[in-house]
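There are 2 protein chains.
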Amino acid sequence: MEKDLSQKPYALILAGGSGTRLWPLSREEMPKQFLALCGDEKTLLQRTALRLIAVTDSERLRVVSSGKWKALVSHQLLSIGMRGDFIIEESEGRNTAPAIALGMAQLLLSGASPDDTVLVCPSDHMIMDEENFRQAVRVAIGAANDGNLVTFGIKPTKADTGFGYIKTSHNTTPWLVAEEFVEKPDLATAKNYVESGDYYWNGGIFCFRLSDMISAFETHFPEGASIFGAEREHIGSHFLSAPKQSIDYAVMEKARNIACVPLDAGWSDVGSWDSVYENSPKDKKNNASTGDIFLSGGGDNLIIGSDRLICGVDLDSMIIVDTPDALFISPKGSSQKLRDVVKALSDAGRDEVTESPMSARPWGTYRVLSKGDRQKIKKIEVVPGKRLSLQYHVHRSEHWIVVKGVARVTICDHGENTQGKEIFVHEGESVFVPKGKLHRLENPGKIPLEIIEVQIGEYVGEDDIERVDDDFRRTS
Amino acid sequence: MEKDLSQKPYALILAGGSGTRLWPLSREEMPKQFLALCGDEKTLLQRTALRLIAVTDSERLRVVSSGKWKALVSHQLLSIGMRGDFIIEESEGRNTAPAIALGMAQLLLSGASPDDTVLVCPSDHMIMDEENFRQAVRVAIGAANDGNLVTFGIKPTKADTGFGYIKTSHNTTPWLVAEEFVEKPDLATAKNYVESGDYYWNGGIFCFRLSDMISAFETHFPEGASIFGAEREHIGSHFLSAPKQSIDYAVMEKARNIACVPLDAGWSDVGSWDSVYENSPKDKKNNASTGDIFLSGGGDNLIIGSDRLICGVDLDSMIIVDTPDALFISPKGSSQKLRDVVKALSDAGRDEVTESPMSARPWGTYRVLSKGDRQKIKKIEVVPGKRLSLQYHVHRSEHWIVVKGVARVTICDHGENTQGKEIFVHEGESVFVPKGKLHRLENPGKIPLEIIEVQIGEYVGEDDIERVDDDFRRTS
Chain A
-1 MEKDLSQKPY
9 ALILAGGSGT
19 RLWPLSREEM
29 PKQFLALCGD
39 EKTLLQRTAL
49 RLIAVTDSER
59 LRVVSSGKWK
69 ALVSHQLLSI
79 GMRGDFIIEE
89 SEGRNTAPAI
99 ALGMAQLLLS
109 GASPDDTVLV
119 CPSDHMIMDE
129 ENFRQAVRVA
139 IGAANDGNLV
149 TFGIKPTKAD
159 TGFGYIKTSH
169 NTTPWLVAEE
179 FVEKPDLATA
189 KNYVESGDYY
199 WNGGIFCFRL
209 SDMISAFETH
219 FPEGASIFGA
229 EREHIGSHFL
239 SAPKQSIDYA
249 VMEKARNIAC
259 VPLDAGWSDV
269 GSWDSVYENS
279 PKDKKNNAST
289 GDIFLSGGGD
299 NLIIGSDRLI
309 CGVDLDSMII
319 VDTPDALFIS
329 PKGSSQKLRD
339 VVKALSDAGR
349 DEVTESPMSA
359 RPWGTYRVLS
369 KGDRQKIKKI
379 EVVPGKRLSL
389 QYHVHRSEHW
399 IVVKGVARVT
409 ICDHGENTQG
419 KEIFVHEGES
429 VFVPKGKLHR
439 LENPGKIPLE
449 IIEVQIGEYV
459 GEDDIERVDD
469 DFRRTS
Chain B
-1 MEKDLSQKPY
9 ALILAGGSGT
19 RLWPLSREEM
29 PKQFLALCGD
39 EKTLLQRTAL
49 RLIAVTDSER
59 LRVVSSGKWK
69 ALVSHQLLSI
79 GMRGDFIIEE
89 SEGRNTAPAI
99 ALGMAQLLLS
109 GASPDDTVLV
119 CPSDHMIMDE
129 ENFRQAVRVA
139 IGAANDGNLV
149 TFGIKPTKAD
159 TGFGYIKTSH
169 NTTPWLVAEE
179 FVEKPDLATA
189 KNYVESGDYY
199 WNGGIFCFRL
209 SDMISAFETH
219 FPEGASIFGA
229 EREHIGSHFL
239 SAPKQSIDYA
249 VMEKARNIAC
259 VPLDAGWSDV
269 GSWDSVYENS
279 PKDKKNNAST
289 GDIFLSGGGD
299 NLIIGSDRLI
309 CGVDLDSMII
319 VDTPDALFIS
329 PKGSSQKLRD
339 VVKALSDAGR
349 DEVTESPMSA
359 RPWGTYRVLS
369 KGDRQKIKKI
379 EVVPGKRLSL
389 QYHVHRSEHW
399 IVVKGVARVT
409 ICDHGENTQG
419 KEIFVHEGES
429 VFVPKGKLHR
439 LENPGKIPLE
449 IIEVQIGEYV
459 GEDDIERVDD
469 DFRRTS
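So the sequences go chain by chain: A and B. If you're matching positions, the first sequence starts at -1 in my numbering and goes up one per residue. If you're matching positions, the second sequence starts at -1 in my numbering and goes up one per residue.
Just so you know, these hints were derived from the structure itself, not from any lab. Don't be surprised by glycine CBs; every beta carbon is placed ideally from N, CA and C. Be careful, since some hints might not be right.
[What the hints assert, rightly or not] Computed Cβ-Cβ distance ranges for the label pairs, DEER-style: (1) A:Gly37 x B:Lys444: 26 to 32 Å; (2) A:Gly160 x B:Ser294: 35 to 41 Å; (3) A:Leu185 x B:Thr159: 30 to 36 Å; (4) A:Val180 x B:Asp345: 57 to 63 Å; (5) B:Asp298 x A:Ser16: 44 to 50 Å; (6) B:Ser294 x A:Ala228: 47 to 53 Å; (7) A:Gly195 x B:Leu185: 20 to 26 Å; (8) A:Gly347 x B:Ala186: 54 to 60 Å; (9) A:His412 x B:Asp371: 38 to 44 Å.
[As the list claims (entries may be wrong)] When the alpha-carbon atoms are kept at most 20 Å apart in a straight line, the in silico SDA-like pairs for lysine to any residue are as follows: (10) B:Lys433 x B:Ser395; (11) B:Lys402 x A:Lys402; (12) A:Lys402 x B:Lys433.
Modelling step: build the complete structure from the supplied sequences, incorporating the hints.
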């Protein structure tokens, strides 16, 4: 008997964004959606996925993201139990309208019906009150099935000039009519909006029937509508031909059938360290802290530690964010200046803005423990059953020491048959990979493989790597 | 022809002190005298030695210190060019009177004449104006040769209640008469002292003829005087039998022939982070910073970095001290509370109060790069010609990877002849030391040997070590 999923929506998580507003925790290579914030042990992406799985089935969930985040998305969602082919890959970032259209087109190709509803959520926002969110989703699905394009209106908690607003009016329905989308207002206008009670923040969460959104694209954004009904192999080129526009600008601001479902559920875009502080659990002194923190005197601080002890005396209203390679300290209220600081660091060519101490790869993760002129030390974790590509380095030798699990290591010369060149390396043992030798690392076991890699050489940059396939053809 | 050193004084540096007032830079295992502070590339001990070498000859310089600092003292003073047997070892800390007597007794045994003058200096103070110091030393030697016990009086820069004061009166001599030593006064008294112009801080720098100080000991501190004239092998027991008293209390406050030579030379005891700030060079925004620091807005900060980027926005009058395993942050003016905080951390058994990320040993130094439950990674530097003891570990295997230089490594079984079990390990190569195997590391070369050591095991504490001699007898 066919499983009846007809009342359950599909869900698209938009996870292609990048940004460094929470530097040094967020990096160009580690955007906000992949971070665990505000005392949560789950990342914003994981929490978003879990929130959506609670209103639909995990097999109806897709993540639209860039190829460069594929390993991170996969790593984080596999670890909360998601399975299957849930990533829809954008070949480049083209703003939300093309991203949503790409996701919709892929859903249709994989069996969704035009009558199915779709929930669209950003991957990097917080919602504290999950029950209120689920209640709002139920209302939104009703509104969508009534032919509306639904936007969730975040109940404003203050006159914030950083958000767009939605002007609403009441109707006989359980949802509101969205009268108008308004751009980021000045402070006086924002105050009026909040006092009126008719205005909501535009939080980028949407719900609609596929057929209704396709019609809206055809009417208001026809340049982006050609992707619907395209054959699978042409989806990519249709995506690339769509103008880079937001779904708000391309469709929502122009369509007439827009409903607004109020959402009063502790929403935050966690777009600054001040906002992370506001949304974090606090101790009796109003300190929000994670890590190995010892405080004496003072209060109202946000302190995020990494692997070292942080000792603060008489600190008041400070933001302290420690990472293995960069430390940020600022009074609260100044964290908005971070943008300029990060730009200055980026202009100075600082690695700390782009590279992340923790990196995800299709085979697992690695963390840089120590860097020097002639050496680099990494902790590498390889997922059971995964392996790194066959590769060699011109400038460095590598020493692999197994901390946990078992490694299958292939070391051979160029042109040599790799078969029979495999050795097993167990806990506490090590293996030496000389400069220039082809080598491959693999976890043949059932538990994660942890190794310490010590690179020694006259150059230890990440770009000294040549990957080859088993026929010794270069693959990069 | 005999070298005429008759007019040059001997010098005793007192370097046995410990303390954590500059935590986390100073640790129980790394007291202040071994730190480079206030933008100086030399440590306080090195700077003290260089200052004294400028007024005498380095072969007349001795350092009185505890056995536990012997490797650090040796390492730091060899690196500024000192040679020979300059360390006089205290078997335990017994305050300054026994320490000075021990130094004097050793000088007499190594050929000093009772008519020779001796300069005594703490190892952990700063003196900015070296020329004024040298000028004061010239006056002090004159006063000593006139039969006085000379104390240097630090010209007070403020009504500080943390120092003892010396009341002086003028004489026809180029030096002053010390009328009275007074204990740490209250603030009102300190203000009166400073305004009067007759009072000086007692900075613990002394100058005297050996014969005069021996007489003073015999008269005022006879329990500590038995060491003079004792045979070499009995020096240690005489030292241990002397009461634990300061030279001020034991002798200076009681003797009548005390001269005071004013010292107006930018002296500081650098006894707090505020004091380090005051004595550090500053930029246009009055920030004193060392390390990889990026500041935007604010000013008047003391920021001491280690190996990571520190980025501060709108920081005002803050103290930030970063080390590999501990970070301290406080507003200026609160740094005196550090004592209580360090005590609390110590009571909680925190390693960060006792252990230092950098440790010195007779054979060189090591630095902990990374610690985990099952692994510890160190960077080890072995001085040319030095070797570590033959040893083994019960719980861990060790992997040595040579970054620079060449290592001679012995690995053998218990009871086995070590000869012929040596291998040479060159740059980029590694060697594996299994659990339980006897091993020894040696630098046979002419340049420092740098290695990365990766320890893997179920226990990686420093105390899992058994040292043996070449006949396989345990030596520890």
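Tested hints:
no. : hint                            : result
1   : A:Gly37 x B:Lys444: 26 to 32 Å  : violated (55 Å)
2   : A:Gly160 x B:Ser294: 35 to 41 Å : violated (21 Å)
3   : A:Leu185 x B:Thr159: 30 to 36 Å : violated (51 Å)
4   : A:Val180 x B:Asp345: 57 to 63 Å : holds (58 Å)
5   : B:Asp298 x A:Ser16: 44 to 50 Å  : violated (36 Å)
6   : B:Ser294 x A:Ala228: 47 to 53 Å : holds (49 Å)
7   : A:Gly195 x B:Leu185: 20 to 26 Å : violated (60 Å)
8   : A:Gly347 x B:Ala186: 54 to 60 Å : holds (57 Å)
9   : A:His412 x B:Asp371: 38 to 44 Å : holds (39 Å)
10  : B:Lys433 x B:Ser395             : holds (4 Å)
11  : B:Lys402 x A:Lys402             : violated (28 Å)
12  : A:Lys402 x B:Lys433             : holds (16 Å)
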